Amino acid sequence: MGIFNIKSKDECRYDCISLGEVMLRFDPGEGRIRTARSFRVWEGGGEYNVSRGLRKCFGMDTAIVTAFADNEVGRLIEDFIMQGGVDTRFIRWVPYDGIGRSVRNGLNFTERGFGIRGALGVSDRANTAASQLKRGDIDWEAIFGKYGTRWFHTGGIFAALSETTPEVVLEAVRTAKKYGTIVSYDLNYRPSLWKGIGGQEKAREVNREIARYIDVMIGNEEDFTACLGFEVEGNDEELKELNLDGYKKMIREVMMTYPNFKVVATTLRTVKTATINDWSAICCVDGEFYKARDYNGLEILDRVGGGDSFASGLIYGLMTTGDPQKAVEYGAAHGALAMTTPGDTSMATLREVEKIMAGGGARVVR
Numbered sequence: 001m002g003i004f005n006i007k008s009k010d011e012c013r014y015d016c017i018s019l020g021e022v023m024l025r026f027d028p029g030e031g032r033i034r035t036a037r038s039f040r041v042w043e044g045g046g047e048y049n050v051s052r053g054l055r056k057c058f059g060m061d062t063a064i065v066t067a068f069a070d071n072e073v074g075r076l077i078e079d080f081i082m083q084g085g086v087d088t089r090f091i092r093w094v095p096y097d098g099i100g101r102s103v104r105n106g107l108n109f110t111e112r113g114f115g116i117r118g119a120l121g122v123s124d125r126a127n128t129a130a131s132q133l134k135r136g137d138i139d140w141e142a143i144f145g146k147y148g149t150r151w152f153h154t155g156g157i158f159a160a161l162s163e164t165t166p167e168v169v170l171e172a173v174r175t176a177k178k179y180g181t182i183v184s185y186d187l188n189y190r191p192s193l194w195k196g197i198g199g200q201e202k203a204r205e206v207n208r209e210i211a212r213y214i215d216v217m218i219g220n221e222e223d224f225t226a227c228l229g230f231e232v233e234g235n236d237e238e239l240k241e242l243n244l245d246g247y248k249k250m251i252r253e254v255m256m257t258y259p260n261f262k263v264v265a266t267t268l269r270t271v272k273t274a275t276i277n278d279w280s281a282i283c284c285v286d287g288e289f290y291k292a293r294d295y296n297g298l299e300i301l302d303r304v305g306g307g308d309s310f311a312s313g314l315i316y317g318l319m320t321t322g323d324p325q326k327a328v329e330y331g332a333a334h335g336a337l338a339m340t341t342p343g344d345t346s347m348a349t350l351r352e353v354e355k356i357m358a359g360g361g362a363r364v365v366r
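Numbering (the UniProt record's numbering), first residue to last: 1 to 366.
Do not rely on the hints blindly, as some may be mistaken.
[Stated by the list, open to error] Restraint ranges, calculated between C-beta atoms of paired labels, are given here:
| hint | residue 1 | residue 2 | range |
| --- | --- | --- | --- |
| 1 | Phe-4 | Val-271 | 26 to 36 Å |
| 2 | Trp-93 | Asp-245 | 47 to 57 Å |
| 3 | Gly-287 | Leu-350 | 26 to 36 Å |
| 4 | Ser-192 | Ser-102 | 14 to 24 Å |
| 5 | Phe-114 | Tyr-147 | 37 to 47 Å |
| 6 | Arg-252 | Glu-354 | 27 to 37 Å |
| 7 | Gly-297 | Gly-180 | 41 to 51 Å |
| 8 | Glu-253 | Thr-88 | 21 to 31 Å |
| 9 | Glu-163 | Arg-351 | 29 to 39 Å |
In short, the hints are calculated from the structure, not lab data.
What you are looking at is a predicted structure, and each value in this text was computed from that prediction instead of being measured.
Cβ atoms here follow ideal geometry from the backbone N, Cα and C, with glycine treated the same way.
Given the sequences, and given the hints that come with them, work out the whole structure.
Laid out in structure tokens, this is it:
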């Protein structure tokens, strides 16, 4: 079944382009940030992770729109992006002032958590090149009109970076719609990002405006509540009980409020401990709900990026099959696999994703 009219591959240079900040992630492994003497380094960013997953796991042609201060740290992040196969031609390079007084690159210190100790993230990203992007900095006409992309993805993390980034998102999504590009958006509410620029009230103002241009809206319960003002009735996180009927009721209200949404999708996560979660997902199309298989008791190595990998799997499924049931299964399986490896980005292969979708287990492959 076809959900929307996606442009053909021969019309476009890219399958998907993302807009968002890419940071350098410092990972203390099994230890704590506060006591670390060494870190593993990765690249990561909510919107970028989606295009990287589409490229590395699903073999699609993708690119990232972002900005870096032109110094060795920026070039290191660029090198990570190139290793991930994501096209870097749309990166905006900003002259570096020598000490980061006026522009810098974002850093993200993240510990994974274990058992009763939850994951912890400490962002160091104020005054970054990406956060200073403003309307007119990016040639969206060239991106969507000259190069062309079948899909465009961005989200609430980038929109929260500064007073100017929401205008960049709006400029992008309006141009995408002009050229018939499908637009997805992950609400990805981060209280720390909105705290200094108006809090939840500002988050709702910004995201409600952006939502008018979105075809595929992605988020979890907290995202829909904080960013759009919808709530799941009867969901008790403290008791670790998931009210699926409440989720469905909320999503129906969301789609009635925003009839432009062709698909609304949400992950379903019950946190038993930092390393044991129940995991699944649902999506809604034309009032019909499609639920992925349950991954109960999922053992997690690093939960960061699980939602982004869900989004890339969902997008792949929608683009290649047009079947919402298959799409939500791709998303849930890819997200589950991504949380079994370290770093923000997926290390899974398409074969592994489809094996898990088919009910395959964890027996050794020889």
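Taking the beta carbons of Ser-192 and Ser-102, is their distance inside 14 to 24 Å? The hinted range 14 to 24 Å holds for Ser-192 and Ser-102, with Cβ atoms some 23 Å apart.
With 26 to 36 Å as the target window, see if Phe-4 and Val-271 comply at their CB atoms. holds, 33 Å
Go ahead and decide if the range 37 to 47 Å is satisfied by the Cβ distance of Phe-114 to Tyr-147. Taking Cβ atoms as reference, Phe-114 and Tyr-147 lie about 44 Å apart, which means the hint holds.
That 41 to 51 Å hint for Gly-297 and Gly-180 (C-beta), does it hold up? holds, 43 Å
Is 27 to 37 Å respected by the C-beta to C-beta distance linking Arg-252 and Glu-354? holds, 31 Å
Would you say the C-beta atoms of Gly-287 and Leu-350 sit inside 26 to 36 Å of each other? Between Gly-287 and Leu-350, where Cβ atoms are some 31 Å apart, the hint holds.
Do the Cβ positions of Glu-253 and Thr-88 conform to the proposed distance bound of 21 to 31 Å? violated, 40 Å
Using the Cβ atoms, figure out if Trp-93 sits within 47 to 57 Å of Asp-245. holds, 50 Å
Holds or violated: 29 to 39 Å for the Cβ distance of Glu-163 and Arg-351? Violated - the Cβ-Cβ distance for Glu-163 and Arg-351, about 45 Å, lies outside 29 to 39 Å.
Violated hints, in rising order: 8 and 9; the structure is consistent with all others.
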